[in-house]
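Asks: Protein chains in written order, with this note's numbering: chain A, 69 to 802; chain B, 20 to 1036.
Where hints are given, some of them may not hold.
[As the list claims (entries may be wrong)] Covered by chain B, per the in silico footprint, the following chain A stretches (three or more residues, Cβ under 8 Å):
(1) 113-119
(2) 142-155
(3) 374-387
(4) 434-441
[Stated by the list, open to error] Derived contacts from chain A toward chain B, CB cut-off under 8 Å, selection only:
(5) T101
(6) F103
(7) T476
(8) Y537
[To be verified] EDC-like mimics (lysine to aspartate or glutamate), calculated; alpha carbons at most 16 Å apart, straight line:
(9) A/K798 / B/E714
(10) A/K798 / B/E218
(11) A/K231 / A/E182
(12) B/K830 / A/E182
(13) B/K416 / A/E495
(14) B/K432 / A/D439
(15) B/K544 / B/D255
(16) A/K533 / B/D713
(17) B/K830 / A/D442
(18) B/K542 / B/E714
(19) B/K892 / A/D442
(20) A/K798 / B/D367
(21) B/K603 / A/E647
(22) B/K432 / A/E182
Hints in this document: simulated from the structure, not taken from any laboratory. Ideal Cβ placement from N, Cα and C applies to all residues, glycine included.
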Amino acid sequence: MTKSKLAKVILLTVCLILLSGSFLTVSALVPYTTFTYSYEGNMQESPHAYVPLTIISAQTIKNSYLNSTDEAVKEKYLFSDIPDLQSVKDIFVDKQNNVYLVDSKSNCVIGLDENYNFKLLINTFINNQGIPDSLSGCEGIFVTDKEIYVADKDKARIVIFDKVGNFVDIVPQPKSDVLKNIYQPKAVAVDRAGRIYVVSATENYGIISLNRDGTFNNYVGPQKVTYSAWQLFLRMFKTEEQLRQEERYVPTEYNNLTIDDDGFIYATIASIDEGSMASAISNRSKSGDYAPVKKFNPNGKDVLHRNGLWPPSGEVAALKARAELPFTANGPSKIVDVALGPNGCWSIIDNKRSKVFTYDSEGNLLYGFGDMGDQVGNIQNLIGIAYQGSNILLLDGTTNTVTVYKRTAYGDLIDAAIKNTLDKNYEKAVIYYTSILQNNNNYDSAYIGIGESLYRNGDYLGAMKYFRYAHDTEDYSEAYKAYRQEWIEDHVWVVPLVIVVGCVGISQFFKFAKRYNKKHQKMVEKRSFVSEIMYGFHVIFHPFDGFWDLKHEKRGSLRGALFWLGITCLAYIYQSVGEGYLYNQSFTAKDTLLMTIIKVCLPFLLFAVANWCLTTLFEGEGSFKDVFIATCYSLVPLPLLLVPVVVFTNFVTLQEMSILSTIMSIAMLWMGFLLFFAMMVTHDYTLGKNVITMVGTIVGAGFIMFIAVLFSSLIVKVFTFFYNIYVELKYRYW
Amino acid sequence: MKNSILTKLMAILLCLTLLAPVVSLEVLAEESSAASSGASSGASSGTTSGDEDIWTALRPAYMATTFKSIDDRILGNSIIAPMTCMIVKDGYALYADKMTGEVVLLKLSKPNEQGEYEKKENGIYKYDGYFSTNPYNIGSSTSASTGANTTEAIKEQLYSQIIVNYSENNSDLQFYSFTDAAKNNQINLKTIRNGIRVEYTLGREQIEYLVPRLIRAEKLEALAAQIEANSPVARDAKQFRAFYQIKDPNDPTLPQKTVIEMKKQYPISEKFPVYVCEPHITPKELSRLERFVKQYTDYSFDQLDIDHAETDYTSKDKAPPLFKLALEYTIDSLGLSVRCNAGNIRFDSSSYKLSSIVILPYAGAGNVNNSGYIFIPDGSGTIIRYEDIKGSNFTLKNSLYGPDYTFHSISGKNREVMRMPVFGAVEIVKNQYSTEELVEKVDEDGNVTYVKERVYHDLKIGYLAVIETGDSLAEITVNSGGTTHMFASVYTSFNPRPKDSYTLTGGITVSGDQGAMWTVESKRKYTGDYRLRYFVMTDQIDYSEMADLYREYLIQKGFISKLENDNENIPLYIETLGAIDSVKKVLGFPVKTMVALSSFEDVQNKLLENLIKDNVKNIKLKLKGWANDGLVSLVPNAVKVEEVLGGEEGLKKLLEFAKNNNVTIYPDFDFAFMYKDEYFDGFDRSDDLAQTIDERGAFKKEYDPVTQSYQYVGMGVISPNVMARLYNNMYKDYQKFNVGAISVASLGDALVSDFNTEDTLHREDSKTLVKKLLDRIKSENGKVMVSGGNAYVLPYVTDILDVPLDDSRYKFSAATIPFMGMVLHGYKEYAGTAINLAGDYQYTLLKSIESGASPYFIIAIDNTAELKSRTEKYLQDYYSVRYNIWYRDIVNTYHILNETLKDLKYTQIVKHEFVDSSFKVPRVTYENGTQIYINYLLNAYTVTVGSKQVNIPAESFIKVAKVNNNDKVFCVAFEDGSKLYINDSDSSVNVNAGGRTIEIPAGDAKRIDGSGNELNR
């Protein structure tokens, strides 16, 4: 059944691909890589979703004017020179696909039609006082259906023109004394109700919301100051003066914004502390703190979905600033603009790397692309982005050009898949997802999309497979739950049977162990290896009596102790390879064999050695051998509980994982208790004294470690010193 | 005739009046003698000190004279001597300026009946085309953007034939042959067999400067006084004094401490006060001071010695930089060849490090105010039009044959590789010359009269340069003067002594974490020739002629030969990915297993049999990852066929099938890169990898878009020294399969040097080794397939994949041209990059048609999801290789291409040009007259075929062929399989279409679809 359905899907895709010839576009060599990020944070190459189409420069604009067939335009600007583009600061595309550029040096707005032909020029105008006026240092532009809003930065105002360039109105600086900083409007957006949202250059209290008449409404999205525990601790010791000083470093200046049809404001911030931003990304934070892009509802609440593999903050790899490597760009992205595309997709641009990252409405990264260089399609200083239909327009602040990128067939497939998913047209979406996957083996969202469809159709095993490819553990867990349910329904008798057999087996074994240990209680010259091992089961339930006998009756031995240490190591090795998919998503072992053994043995040995060192000073009665044996026998609960836990990890869902971790905590706690009493009995201490020596042991272990690290780093230093002398000599005098 | 002499005289007079303020009066007096001595000094233009005076007159003349044409330049003027005709041979004449080393090559017009080359009235041979090492109109150069005159310093550079880039104490410096050799009369011109030899001595030969460094106070005062008296500029004496400091311990104003120190430092000052010359004075400043002394005083070297002896001064001056090298211009039947022997470049290598030598930087330089273009072999080839670069300053630089991975720093991100050692330029000078001609005039009454009129002609010149030897060390550079001068040129530079810098991390001599940069020179330097061959174009003078010339050259050298005509279809290249290692969980434990992506059985049953069924007749199958641990393979030291693919038996069965079905199988081996190294695999990475300059194993670096820098991709670079050994061992196992073909993809693509101290190789050595190995591979295996196709592998390979179909798309370049295709079509079988991995399917299809390339696909039949989790860069590219999705496209693409290119397989491309102004609609013309139009525009484009207008659909192509060799009957084939027959002849023609015979009436046209039905036009 499912097989035939899949076959149908594949058949449909093949048809689709054959059809695809009609909407493929022409491009040439593309001088950048298009990519997504995998679950591990590695970059994965992908087919190009956008390819460079053409470059708009001052020259092409002038040529389009000279060759213009539009007599009205020609006549209108007959006597005005079209200024050179000197410092283009913003780009905007209106609903009719006209392109607007604003230049802060030529102080003008240039309008182009949808084919990038010159159409409109605004530089001087007669203002509402009837005096000739001009723009000055204008940096932002927003165009509604009727009007053009220009953020005139140096004159601290918003100037409004109509769509043919006639002056309409000036929105002056708000009078309200609530404005806390100098008013320098650099980006502007207008919602349907005519409210004007302004980003002011040095304003760190949020986006300024104004009414059309210029009265101040409120701040939108003030960035909260968040302190870490350490910072809070430090603040307790700071003086008033220092605290006030610190206030100034609150980095909350927004740098750009745009608004969607429903009045949601998308705003970007570039001044977030790099370290905080990097850790938010690597922790896959879903919160808006330290996020470089936010989506505010009209109440000023951040409602951006951040449900992708990684938070939508641009770059995911190469986050750590590593000065020793010759990276041109490292650390998190510097996000300077945001643009809204079709079907809820939105793109942000990284000025640091000249890259564009596009996300869907859920915050999944669809594709990133872009690079610096001197080839068509590369951007030197990426400062602005706008969507023109499905085209992307990128603004280069160095060359003052706009590069137009066209969506490829692959990009169209993604768009169609998203559109159908949004329209709840899941069956159709799957067809698109399948063909995306066949174009790009690495596309996680497609795996998830197909997996979800299979899940809906009841093919849980297939869904699990697809979720697994996409590292989507949550959906995998859901699918597994359903699959497990189905399996159990099919095999109703198995679960009770396993439980009964397990319980009976365990109780029978411990009964046997109890009997066995009782039988071997009496003192004999030579104890058998088996009896020494079996004694472990006695000790864990009767520590006082057990450890006493262990030492004085010699019921355990060194070989028995080593056996249990070995079993513990094996249990941990099994854990590192045998855990279920939800615990360990890679096919390989979590650690190497050696690392696992070291992980178990090193703390164990440290404890034993430190304890012995300390107790010999504090009149402990146990020898090192006694300490070693007792410590080993205390480990018994670990393998006893770990092995079944690891087995169970293969059969649990995400929700049930906490049960298993509780069991593991119990095992650790149990071992701790045993250790404590083992030492108390072995050294014949009082409770109080034992507490002190245990604390001392832990401190001692730390001290031993410290010495070891110090010593080894010294040795390394000495070695590198001589090595460097050798190298220098070699290259100077060889 | 008389008239022209008069104008010339006038021009000279004008020049002189212009020069008068610059040149002092005494120069004018000497001018005539200087000019005459320049003319008479002959081959051994001496280096006597008296000649220096010549330059006081000559230099301004060179700087300011505005020659109108190359003829004017050859003839010179009253100051600048005419160029001497050095040799006339094989239809060429070579003129040279003995003072500056400039050379002009004339390609002479056909000799007259007596076999003599005729001369024009002005005494110059009649010529069809010329090539000059420096532009003739340097004197009139202005900034192409601002119109300001070019500075003299820049003009001096423009007069140079050699630029030596060297470094002293890590600072980069240049020598220009005009500034540093010609002006010191250090250019020596000799005649040699078939040509001339120009010897350059760049730099200062004398070590000592005529500048007192420690001198008795009153003597210096006297000198300064002399300068003050004689120099017309008062500042000179001041400047001269500024370099000296008095040391007089008897000066009462000095504090005691200073006096003691002074006495300690300069014991002589106790006897008498002395002047000390600034101890850290630079050679440049020294030569300026020397000029003052020489010009304005009677001070001599004898006096200097006496004065220095008096003050006990001993010179600690380092020898100034001095480079000696020679250029040899020789003429043979092919044309001009320029040779520079690297072994004869002499300089003090202990103090100065040579960075590169630029040979003929301004040869054939074009004036950007004219139209024309520069051609560079960037990828498939690109042209940079003068119109587009006018006024912009830029330098595009790329090394030939891609990056050398042995070096620490490599460049060329996101760019195509230059694979052919050629470059050239074309310039069209509007109304350059005029002739008096009888022009037919028709007056109002219809009477025809002939009127003598001056008709202006455009001059079209162009050249193609081929780097014959030393190519692997060469860089090709395009340089546009932009704001400084009006020329744009393309040239090569070489570095005969490879050197590299690296960071010494943790070094003790350095403060901070950065580490010191060390620059180390290779132990082995290149001592062979750099030989450039220049072809002067005379026929079409465009890039099609360049391709023709280069093809002819390759044929003459025996590097390529025409494909044997066996009337086959074009080949379909398929690459299958074999096996890959994977980790499977067995009972919870991870176990390493091999997974088959395309087993031999699947390749035969699913792929080949289906393709044959779908009428694909000529399949060439490249097997990748089929042996030695699959895609992440061991170094090929043996052949261990992967069992999971079917083992040896499976391979034999596949080979058997292939033999019976006309399929050629090319099993791939990688001798250039190491993917992994295990014990006992016959490869020792410490010995067998190429080594970097700091003696570590070299690993391939690729541009990483994440960090936007070059990062290691986990591929070791195998030393060319061990490739032959590996091949020997491999071949022992391989020959028993008797495949008859082999693929050694990376050998045609990567070329590396090796700094291993025991057997150092520079790239030219490596090139020789690779060529030797390929020669053996070819003789032992028959068919050889490589990737990329660097020019030096051409003689040894039969199939080339990954031929660049596109250029790097520089913002300055106007159009991409399929130069490689134009050269190779009909001579080698080749394909572009895999169509299914290219960003854009339709675009790649059109590009393949433009280049005449065959289709190429990379596929995997099963388990492609295995590739998803791989982090290896070389596996990440395979994100779209599924067999089941691509199969239909493979067949369709093949049939489209085969239908178009099948009958042109053995025909060469004679012309490629753009028919629209935006360079988006090229027309490719084949030797038999068939033309292919490709429309890259997003809308339809109309062209005229015969008498009819034909629409090329958007992003599509048409093929226009003659029917029955009739020049007036055309068949226009469209991408959708339909054909339009146009009959411009006087009689009706029968054509065979879709199995039917259709009659096309005279003067009519019919469009017929694939099955023979007539369509409405």
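Asks: Indicate, hint by hint, whether the structure satisfies it.
Replies: Hints, verified against the model:
1. 113-119: holds (count 5)
2. 142-155: violated (count 0)
3. 374-387: Holds: 3 residues of the segment 374-387 of chain A have a Cβ under 8 Å from chain B.
4. 434-441: Three-residue rule met by the segment 434-441 of chain A, so holds; n is 3.
5. T101: Result: holds, 4 Å to nearest chain B Cβ.
6. F103: OK, holds: A/F103 within 8 Å of chain B, min 6 Å.
7. T476: Holds - the Cβ of A/T476 comes within 8 Å of chain B, reaching about 6 Å at its closest.
8. Y537: 6 Å, holds
9. A/K798 / B/E714: Measuring from Cα to Cα gives roughly 11 Å; hence the hint holds.
10. A/K798 / B/E218: Status violated; Cα separation ~38 Å.
11. A/K231 / A/E182: 15 Å, holds
12. B/K830 / A/E182: Given pair B/K830, A/E182 is violated - Cα atoms ~23 Å apart, limit 16 Å.
13. B/K416 / A/E495: 53 Å, violated
14. B/K432 / A/D439: Status holds; Cα separation ~10 Å.
15. B/K544 / B/D255: 45 Å, violated
16. A/K533 / B/D713: The hint is violated at about 48 Å.
17. B/K830 / A/D442: 6 Å, holds
18. B/K542 / B/E714: 12 Å, holds
19. B/K892 / A/D442: 24 Å, violated
20. A/K798 / B/D367: Judged against 16 Å, a Cα distance of about 23 Å means the pair is violated.
21. B/K603 / A/E647: Holds. B/K603 to A/E647 sits at ~14 Å (cutoff 16 Å).
22. B/K432 / A/E182: 33 Å, violated
In summary, the numbered hints that this structure violates are 2, 10, 12, 13, 15, 16, 19, 20, 22.
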